[in-house]
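Visitor: This is what each chain is made of:
2 protein chains.
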Amino acid sequence: MARAGVTTERLTRAGAELADEVGFEQVTVSELARRFDVKVASLYSHVKNSHDLKTRIALLALEEMADRGAAALAGRAGKDALAAFADVYRDYAREHPGRYTAARFRLDPEAAAASAGVRHAQMMRAILRGYDLSEPDETHAVRLLGSAFHGYVSLEAAGSFSHSAPDAQESWSRIVDALDALLRNWPAAP
Amino acid sequence: MARAGVTTERLTRAGAELADEVGFEQVTVSELARRFDVKVASLYSHVKNSHDLKTRIALLALEEMADRGAAALAGRAGKDALAAFADVYRDYAREHPGRYTAARFRLDPEAAAASAGVRHAQMMRAILRGYDLSEPDETHAVRLLGSAFHGYVSLEAAGSFSHSAPDAQESWSRIVDALDALLRNWPAAP
DNA sequence: GCAGCTACCTAATAGCTTTAGGCAAACGCA
DNA sequence: TGCGTTTGCCTAAAGCTATTAGGTAGCTGC
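These protein sequences, in sequence, are chains A and B.
For the first sequence, the numbering used here assigns the number 1 to the initial residue and increments by one for each residue that follows.
For the second sequence, the numbering used here assigns the number 1001 to the initial residue and increments by one for each residue that follows.
Read the hints as simulated data drawn from the structure, not as lab findings.
Do not take every clue at face value.
[As the list claims (entries may be wrong)] Examples of chain A residues toward chain B, derived with CB under 8 Å:
| id | residue |
| --- | --- |
| 1 | R106 |
| 2 | M123 |
| 3 | A126 |
| 4 | H140 |
| 5 | A148 |
| 6 | L155 |
| 7 | P166 |
| 8 | S171 |
| 9 | A178 |
Quick caveat: nothing in here was measured; it's all calculated off a predicted structure.
Using N, Cα and C, we set each Cβ at its ideal position, and we do this for glycine too.
The task is simple: from the sequences and hints, build the whole structure.
Guide: Right, here's the structure in full:
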């Protein structure tokens, strides 16, 4: 019989697409086997197990977002950079909801350290260099931005903003404006 | 044989406890049956299916959080109210990680409308009455607060803040301070 | 053109979900 | 107290996913 040409690479990619179609939690080794027209057991030569597959999808998503982030930041600073970076997250989540969820998949410490998550943190710091914060406020601000972006995107994905005015885009812009204002006027510790 | 005394109520409660122990996604009809020392099929007289069970756990969690929120808001206003309310979310998530995740479970529109989610929104508005915002800024602010709280809590639960200084509690306080400052100085629309 | 690697297969185990149909305990009522 | 009905719990069975063990045949390199 002809071989199907399954590789870890292709599996991961197909898994990411599947995640976008049916949701990250619904990504299943069985469904992938079906898509490659191959028996389920065959996939276990390419991927350790289901958890391994999900980890790989998560790493892929983190890479893709980090790449987009880096492109968005090139040549920008200050609020411009902040807004562009924020849009990267939101746009990615809207285009690739399954991958976005995957990026939130809890990685074991080794995987996390080797992941593009590190680049994300660096980019966030780079943006904050355009504002006048010093430690530990910069860290607090990194955490606030991460929380606000991730929170907004995941609430929006859950449909929380879709049944009331104003629309999600408008709130997003105004929230980015507000965060910019806050960073320029970060309150001193009490 | 003696009857085990399973009820929808008790199932939901046990499901919530199980969620806190092993994670909401790992809540399984089978495990619950084991805990009630009853055959799996028996549970299907009390609960429509797995999705129904999870919905009930979600509704329970939303109720519990709303009750805590209401208690925290009683007699408070302004920043005091903001901080107390914020702590309700974070503390609940730390005490009941599985239930907190459950509260984020996507409900069908009817269930959502009948849920305590409505009370959450009302309380958020009540807090904002202590600041000087008018529509549509108040809505934007509601969304920002929801995003920031939820985002922070879920990043903290994922361990994002646990491997670097300063500790999660300190950032949390400073972020609440910052959000308070922002609400008192909300930037005008461009 | 053969040796060996490996992609893919069959077979089997095990767990979770859900439906159908049956028995007996508990409850309502005379 | 005894009868009938409700219903809580059971057995049985089918279908899905995950995972492991061991076999076969296609491709690669010499």
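Visitor: Indicate, hint by hint, whether the structure satisfies it.
Guide: How the hints compare with the structure:
Annotation: A:R106 was flagged as interfacial toward chain B, and the flag holds, the nearest CB pair being 6 Å apart, inside 8 Å. Below 8 Å, beta-carbon pairs count as interface contacts, and A:M123 has none with chain B, the closest being about 15 Å; its hint is therefore violated. Against a cut-off of 8 Å between C-beta atoms, the interface hint on A:A126 is violated, since the closest Cβ of chain B lies about 17 Å away. Proximity of A:H140 to chain B holds as hinted, the smallest CB-CB distance being about 4 Å (cut-off 8 Å).
With a cut of 8 Å, the hint placing A:A148 at the interface with chain B holds, because the nearest CB-to-CB distance is about 5 Å. Annotation: A:L155 was flagged as interfacial toward chain B, and the flag holds, the nearest CB pair being 6 Å apart, inside 8 Å. Taking 8 Å as the C-beta contact cut-off toward chain B, the hint placing A:P166 at the interface holds, the least distance being around 5 Å. Interface restraint check: A:S171 against chain B, minimum CB-CB distance 5 Å, threshold 8 Å, status holds.
With 8 Å as the threshold, the beta carbon of A:A178 comes within range of chain B, its nearest partner Cβ sitting at about 6 Å, so the hint holds.
Going down the numbered hints, you'll see the structure goes against 2, 3, while the others check out.
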